[in-house]
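Asks: Now for the letters of each chain:
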Amino acid sequence: DAKTTQPPSMDCAEGRAANLPCNHSTISGNEYVYWYRQIHSQGPQYIIHGLKNNETNEMASLIITEDRKSSTLILPHATLRDTAVYYCIYSGGSNYKLTFGKGTLLTVNP
Amino acid sequence: DTEVTQTPKHLVMGMTNKKSLKCEQHMGHRAMYWYKQKAKKPPELMFVYSYEKLSINESVPSRFSPECPNSSLLNLHLHALQPEDSALYLCASSPLGQPNYGYTFGSGTRLTVV
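Note that the protein sequences, when read in sequence, are chains A and B.
Sequential numbering of the first sequence, starting at 1, is according to the working numbering.
Sequential numbering of the second sequence, starting at 111, is according to the working numbering.
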């Protein structure tokens, strides 16, 4: 199974940027990094994905290191509604299933 | 329509009951998935269907029986469950191919086995 390492929890002040790290040292060249989040008692929500280049969408930015062994999800202006468990996953090639790790519980404080 | 709809939202069943969970999507996704999530744990993959055929069974006990009657529907038939099977059951769908532009998850069915 694809293994990622994330801190179990992080805190962030409302309005500040939240930077969530993830290590994925065993990622293969054709595997993508995906980020999902799960707000309490809801289904996981897709945030963003990337292969080599940094990516940005309306929700977040994804910074992938040059060696692709780690990445950082950036929520530029965190709000209370961003409090959730954030999962970093990698998948690709012939493997299209997503295997969730333990994730990071991000708590945004007022 | 960009949603995955799961019914029912809550289900309580006895250990001798037979029940079914239903999942529906109309996004044209040809891959559908069942996940099980226990409290304070990450979702665990149970089954994967691609083009309406079962492609992955993660060694799930036979008391869970999936069915994909067409490209929009996914069912999970439950029979003779145990209390430890109580969990949130999540359905998801995605396009096939890489990159996979994200799974879309339903809100889940919260199952309690008594």
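If you're looking for bench data, these hints aren't it; they were derived computationally from the structure.
Among these hints, one or two may not hold up.
[Said to hold, decoys possible] Below, in silico cross-link-like pairs of lysine-lysine (DSS-like), each with a Cα-Cα straight-line distance of 30 angstroms or less: (1) A:Lys3 <-> B:Lys128; (2) A:Lys97 <-> B:Lys150; (3) A:Lys3 <-> B:Lys129; (4) A:Lys52 <-> B:Lys119; (5) B:Lys119 <-> B:Lys150; (6) A:Lys102 <-> B:Lys151.
Asks: Return the numbers of the hints above that this structure violates; sort them in rising order.
Replies: 1, 3, 4
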